[in-house]
Each structure stands twice: as C-alpha cells, then as structure tokens.
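Participant: Sequence:
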Amino acid sequence: MLARTIQDKLQVNNCVTVEPGVYIEGLGGIRIEDDILITENGCQVFTKCTKDLIVLT
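When you line the sequence shown up against UniProt numbering, it's residues 1 to 57, in that order.
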C-alpha cells in the first residue's frame, strides 16, 4: 500500500495496482483498476479496458 506516511519508493520492475473506488450507500459501487509496471522511463499500463462511461437503462 502506498500512502503519504510511507517513505518507500517505487522501483523499476515493481508492479502496482491503482484501484480507486466509488461507493453509494444503498445503491452499490464500482472499482476501476489499472495494473501498472514501473519502467526506467515511467510506467507501462497493462490494463487495456476503456474508461468510457456506459450508461445502462
């Protein structure tokens, strides 16, 4: 887990998951994940799913 209080730094070849979530009481929630590899030049996102909002009626 990464947080403001943790001093560890990400290293090249570390894999992390960024997974923000939204929850609405009485309705439900969603968590959209991105799997990420830390590289020499930044990062590589493995997740290929679209982040477009699809409204179901």
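Watch out, some of these pointers could steer you wrong.
What the hints assert, rightly or not - EDC-like cross-link-like pairs, simulated, lysine to aspartate or glutamate; straight-line CA separation at most 16 Å:
#: 1; residue 1: Lys-51; residue 2: Glu-19
#: 2; residue 1: Lys-51; residue 2: Asp-35
#: 3; residue 1: Lys-51; residue 2: Asp-34
#: 4; residue 1: Lys-48; residue 2: Glu-33
#: 5; residue 1: Lys-9; residue 2: Asp-52
Note that these hints are calculated values from the structure, not bench results.
Participant: Take the hints in turn and mark each one as holding or not.
Facilitator: Right, here's what the structure says about each hint:
1. With a C-alpha separation of about 13 Å, the suggested pair Lys-51 and Glu-19 falls inside the 16 Å cut-off, and the hint holds.
2. Between Lys-51 and Asp-35 the CA atoms are separated by roughly 14 Å; this keeps the pair inside 16 Å, and the hint holds.
3. Restraint check for Lys-51 and Asp-34: satisfied, since their Cα atoms lie roughly 10 Å apart, inside the 16 Å limit.
4. Restraint check for Lys-48 and Glu-33: the C-alpha separation of about 11 Å stays at or below 16 Å, so the hint holds.
5. Restraint check for Lys-9 and Asp-52: not satisfied, since their Cα atoms lie roughly 31 Å apart, outside the 16 Å limit.
The structure does not agree with numbered hint 5 stated previously, though it agrees with all others.
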